[in-house]
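Student: Okay, here's what each chain looks like letter by letter:
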Amino acid sequence: MAFYDNKHWLLSHIRNSFISSDDTGMCELVMVGEDIPRKLANVNKFDCYPGVDESDDEEDETDVMGQSFDIQSDIDFGIHRQRSNTAQRLEKMDEDRKKTSRIKHIKWEWSSAVLTDEERAGLFERKNFKQNEKNVHIKKNSLLSEQLEKCPNLPQNPFVEYAKYDGNDQIGVPTRKYGIFLTMLEPAERNYPMHVTVLAQAKVQDLIGLICWKHTLEHGQHKLKDSVNHYGLYIAEDDGEVDWDFPCLDPREIVGKFGFNYLALVERQKREDDSKPTEREESQVILSQEPWLKPKSQQQELEDLIRMQGHMIAMEAPLYQSYRVYIINKVRAKAEIHLGVSGEKVEIDPVMQQKVSAKFWNRQKAVSYDMDNIAACDLIDAKANSRSIFRLVYHHSSAASGEQAESLQHHSDLASYKHHDFEAEHRTAEEIVQKINHILELRSSVRRKEYLALRERKSHRKRSFHLGPR
Amino acid sequence: MKFLDAEKQVNALDITPDKQLIAAAGYQHIRMYDLSSSNPNPVINYEGVSKNVTGVGFQEEGKWMYTGGEDCSARIWDLRSRNLQCQRIFQVSAPVNCVCLHPNQAELVVGDQSGVIHLWDLKTDHNEQLMPEAEASIQDIAMDPEGSYMAAVNNRGHCYIWSLMGGVAEEPTKLNPKHKIEAHQRYALKCKFSPDSTLLVTTSADQTARIWKTSDFTLLQELKHEAQRWVWDAAFSADSQYILTASSDGVARLWNVETGAVEREYNGHQKAVTSLAFRDEIVRD
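Residue numbers (my numbering), protein chains in the order written: chain A, 11 to 480; chain B, 1207 to 1491.
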């Protein structure tokens, strides 16, 4: 048995109190290895802890060596320390106590004091209810009727059945919180995630329905497809970037299984075929606003918006952004890559493909081009299936740096410029081309000027050649 | 409109006259929730009742609260908690299913499982009993705001109507049997008069709610919906033009009394909606 007059016990207690009260875990790291002298104390009678001698040999060895009473030392400490069940239970009890302390409890009590007649008459006085009668027959309108008249034909929300999965309205059932990015919204609106709390037992499909329901409440003007089957949930980064490396969450799975913080709601493509680029017409239709259908003021607003958007794109151009596009190599084979564009450089990263066929083709290596070596970027072809091909022209000299550029200028011609062709969905392609051109304009590098001059000269030559014989 | 879920079932709900709190009667307690805040926890917990509390309501000035419970008693709770001087209890021989306050605010009507209706004069403690039908449990009792009718429904789906006399000043209320309606084929659950006293609604386990005219107690409207299950509770809008119902299918519905059409559906409940409270307002234009 240990008592408060036991110096050894007190020492151990202080030691462990240090460890357990230090949230960073540093104390534990320092002190845990430091306890060796005590072992020696027992074995070699080395007087390290005064007062520890044979007198407490009734304590068995493990007890003396014991670190603590409740706390297990863990060397692989991190910021999160494993808490014991007791600690968790205590915390829960504490929480409950706090919760109940905020509630006023009133117990049924029999009042011994007998009411006087006056008191009783005052409390249980008979009201003359007949006087209310007069007002009754005047035609009245209630607040409810008034509210209802304000919106007589509320369209039926097709997602109303999913409202019951909202975790905010439920108490005492496990829920999950997600930040949801809605990729089908206007760019200005989709930057911020919508916070959705869902019951943990709900299916992914129900979560999609709940998102659609909340979305219709918040952005009523943006029409959604009337069924959850048109949508899929993808894993997303906290900045809204969709992680395309993973397939969308299985709609039949239980939400509680997934531990992601951010998800993105994406309109599902017609066919679920990951090897082939599929059309995204559906989302296109919704996003392209039909200006001729809108009244004039709205059209004006829309124009302003588009102009503003242009400014925004120009301003944001040097910010890094990654696109998922196809690179077309010399044998006209396509390989999927990530095209990273920033103010400094353009990066091409191959997308890992598990498919065997990908190995046979010329695998695209990861390359990076300095923005100063990029000469041009243009759309060159728009395909019928809403996809476009664009060309990125770069100067082929990896050694080219700032001071050499001038000397190179003299002997470089069009042959030293090479290009990559990419294929992407029309909208994405346009966005990339626009972005790169904004950056090039900003930088106005030597290479670009040179390339443009060369191209100009070439086209002149061509023209003169054609015109020549006539 | 707002519904707050307690941990166990809720037998009855009522909103305080000042519209600040909603009282939920449950097993062994009455809990009050703050309607204006988003606090999901109760702010006041009334306890000390041994069984289910089946009915709850307030005196019109909010001086006291009345409850009925399966512990065979009706209680008056003083809401001014400093001096619990008007705590009152009225004991009967069977579990109390419903309590209803006369519009004169001084007489409480208590209905019990043995089928007895008790008229309890709160001032004098004088009480009277009547039994409209033997071996049928009284499920709910209602009085119209004008104090001219009292209705009671029982577990056989029958609805009894009395006309009321007196009840003003010192004169005790006299009940005269007036009418009996075979309102439903099955269990009746609730009855309520409209604020303008022209309509009476009865709800039932037969998955309908029925609206009756108080002029001749003929059926005006049957509120039926294919998804609707047991209709547990109902409430009129202040102008008596709309009615809200609560059903076991987890949906609260808003009906147009005149057309019988569903105007709105309120989803969000995981389980059956067994009770509702609604305080509307008259707007004068």
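Derived from the structure by calculation, the hints contain no laboratory data. Some clues are possibly wrong.
Pairwise CB distance ranges (calculated) [what the hints assert, rightly or not]:
1) A:H229 with B:D1240: 29 to 35 Å
2) A:H229 with B:V1374: 53 to 59 Å
3) B:Q1476 with A:S237: 21 to 27 Å
These numbers come from a predicted model, not from an experiment. Here a beta-carbon is modelled for each residue, glycine too, at the ideal position from N, C-alpha and C.
Student: Which numbered hints does this structure break?
Tutor: Hints that this structure does not satisfy do not exist here, as all of them hold.
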